[in-house]
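Chemist: The lines below spell out each chain.
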Amino acid sequence: MPWRLLKFGLARSHPEPRMFTHPDVLKSAYDVVIIGAGGHGLASAYYLARDHGIRNVAVIEKGYIGGGNTGRNTTIIRSNYLTPEGVQFYDQSVKLWRDLSQDFDLNLFYSTRGHFTLAHTDASMRTMRWRAEVNKHFSVNSEVVDAQAVHEAIPHMDMTAGGHAPVLGALYHAPGAIARHDAVAWGYGRGADQRGVEIHQNTEVLGIETEDTGSGPRVKAVLTSRGRIETRKVLCAVAGSTPRLLNMVGLRSPIYIRPLQAMVSEPIKPWLDPIIVSGSLHVYVSQSARGELVMGASLDPYELHGTRSTLDFVEHLAARMLDLFPSLADVKVNRQWAGMADMTPDFAPILGKTPVRGFYLDAGWGTWGFKATPVCGKTMSYTVARDEAHPLIEGFRFDRFERYALTGEKGAASVGH
Amino acid sequence: MKVMTCPVNGPRPVSEFAYAGELREMPEPGAASDAEWAAYVFNRNGVAGIKREWWCHTPSGVWFIAVRDTVDDVVLKTHLFGQGGDAE
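Residue numbers (this note's numbering), protein chains in the order written: chain A, 1 to 417; chain B, 418 to 505.
To be clear, the hints were calculated from the coordinates, so they are not data collected in a lab. It cannot be assumed that every hint is accurate.
Just some of the chain A residues that point at chain B, by a computed CB distance under 10 Å [what the hints assert, rightly or not]: (1) 241; (2) 252; (3) 253; (4) 255; (5) 257; (6) 302; (7) 304; (8) 305; (9) 308; (10) 310; (11) 314; (12) 342; (13) 402; (14) 403.
Virtual Cβ for every residue (Gly too), placed ideally from N, Cα, C.
If we strip away everything but chain B, and leave its shape as in the complex, we get (with noise of 0.2 Å):
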């Protein structure tokens, strides 16, 4: 992967961007146990696959969600939270 496609900035060098770890449910803090919330905190989904991930293009400051293989590293899709057709 050498180019990204910011939804906002359009393709851009992927030195522009920071990755920011896979997108997550958070649990409601105040519900949650000890044991869930360390779970939700620490634990992830460390398997190889298609992914939905949060980056960001640092130049402009614009949050994004980008689907990536993280086998071939590959970028199938970038869009905007919330704008992605399906439940988020």
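So here's chain A without its partners, still in its complex pose (with noise of 0.2 Å):
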């Protein structure tokens, strides 16, 4: 045991220097409020306080900081999506992800491991070579590589898919990388919190006050569980809440809910380098720091505003992991859980202004919020800040429904082809 924990162990006082502060006092007025002190919520107000110098800002979280879908991701940041406008905007988000760690202090144990999304068909032989030259446009580094250089790269992995699927090729991502989730959200609370964001949890948002300016609603003030705040701007951050949030506003979303399932497998030695996706057979697989396999498959069936977990998932989800992989037919599934997941029609986010002044939503980011952290803090305190949409959620925007504009973005996690 190093000596200095075991002074520390024995001492009678303390010091070490928490994470975050935490305030008494709920303010009656602040600038901005953020609702959820999740990764998206706390990068937002980490830039808005850093870059726009807004620090008036309060942080409202019903439970706990990074308790919801940040902490509950499979960890996977990639930028080789289908679309112009979601390619260029995970590529901003991957460029920042490099340095945050040196931005924090703090180890977010960032790991680059190249990512290979299997393709078992032509059809999606083809849409590979789509999204690698749509990815290449970019200068995103994509491209396709065939069944030996996949055999070469995972050489335990059963080319046959237990003889049903032929791994014919893949889609290679060379930046693909994973981090730890928990560490980002409390990396970006720790760079908001010094910088005089006040971070309030187990604090309830029970309505949303507008008045009407004569040329439409604006937000006036936030109810909370510990009293009213009076704000010009709220930015909504609550995947798995937004309609609750955005029926206090009177907006209506095509956002509906549905749980992602995930588990974890026993730690074992370094044994999975790379990164594994595969969309016909709804499996992705990466190997921790810590020596687990952290697996997913789609989402749950069905509408639930709940995280429960069932044995369904693991039974569909270790069948298709043993097709790729039968040597893994003794290893023990550790822990599984759910996240609630905000679906739109067109698998992109709805990010930016709202027809309710005042009122920004970041939000419908379905199955792939995570890896977009970073990209969406800096874009959407630029877009509370400044009260007009960053160039780079554009196409992201609210009212694309109405127009019929939708972004179709199938480069979401595994979408089926």
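Dock the two chains into a complex; use the hints.
Modeler: Below, the structure written as structure tokens:
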């Protein structure tokens, strides 16, 4: 046991600095109120304070920091999407990710692994080719590789997938990475906290007051379980509860909630370097720094506002995993969990301004919000500070549905093509 | 939820059923404005609660209505369309 730790354990007082301060008093007014202290909300608070000089900010959280989808995803970071909007947006995000550990002075265990999206049919080979070309056009490192190259990179994978779905090739994305997701929320939270942002946990939003200005409604105040807060700007970043918050300001949207489940195996020795995804088999897997295999599949088949886990999910995912990696038959599943995903009809998020002035939305992330955390914080803080949408999020506008101008993002996780 | 009761076939494993969204009222296509039609096509009531939903028992092709609590995942009632006893 290190000497310092022993001394710390025997000491009467514990002067170690805490990650966050816990503000006791909720003030009656703030310049900006951010609802949701997940990665997105905290990143927005961080960049508001650091880049835009807006520090009189409260982040309101019903539960605890990073307790929602920030701590429930499978931590994959990539930018090999299909639409130009998606590719440019995520490429910015990947670039931000690389410097984040330095920025925070906190180890995020950011680990570049390479990312294979397996193709089992001619049709999916065609989609991979399409994605690779869109990616290359925006200088994102993606290429189609053949079955031989896949086999050489992952020699212990069954290239026939149990005999029923032979691997014909893959989309290979070298910058694909994983990072420790809790640390991302903590890093942003600490950075924001140090710059004067107040993070109020265990504080539930009960309602949002608006007033009519003649040219439509605008935000006036937020009602919370600890009192009323006057504010002109509210940023809503609450995946899983977005429809409820939208109801509070009288807006309707296409967002509906479905659970996305995941599981991890017991820790094993370093065994799998790249991240493997198969849309046809509905599997994605990577190995964490702790040695656990982190696995996910597709969305649950119907709407649900809960985070229950099912045996069905484990059975199906384990069967698909064994198709690809029969040698894992004796490895045990350690934990499983679920998160509530905001789904949209075009699998793209809904970001930016809304018809209610001063109410900004960061929602509809579906299955792919974690990897967007830095760029989302950057672009949403810009949008909130200037009251105009950042150019990178123009394609994700709230009103795109009533204008019939959807952004079909089929590069989202485990969406069949 | 592991078992669901089909109004025709009785209790069956939930894997035999397909979900088809909440029961919604379609505006008159000829009379609706573009905005009303877009709202019908895209917008959903995503808030948690007890909802009336379309489900299909896929092996037999029976379409029916289920009244389900989307928080607890409990089906309160299933019936064929138009036979629920209240307005549809």
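Chemist: Compare the structure with each hint and give your call.
Modeler: Status of each hint after checking the structure:
1. 241: holds, 9 Å
2. 252: holds, 5 Å
3. 253: holds, 6 Å
4. 255: holds, 5 Å
5. 257: holds, 6 Å
6. 302: Holds, about 4 Å.
7. 304: holds, 6 Å
8. 305: For residue 305 (chain A), the interface hint holds, since the closest Cβ of chain B sits about 4 Å away, which is under 10 Å.
9. 308: holds, 7 Å
10. 310: Hint on residue 310 (chain A): holds, closest Cβ of chain B at ~9 Å, below 10 Å.
11. 314: Residue 314 (chain A) check fails; min Cβ-Cβ to chain B is 14 Å, beyond 10 Å.
12. 342: holds, 8 Å
13. 402: Because about 4 Å separates residue 402 (chain A) from the closest Cβ in chain B, which is inside the 10 Å limit, the hint holds.
14. 403: holds, 8 Å
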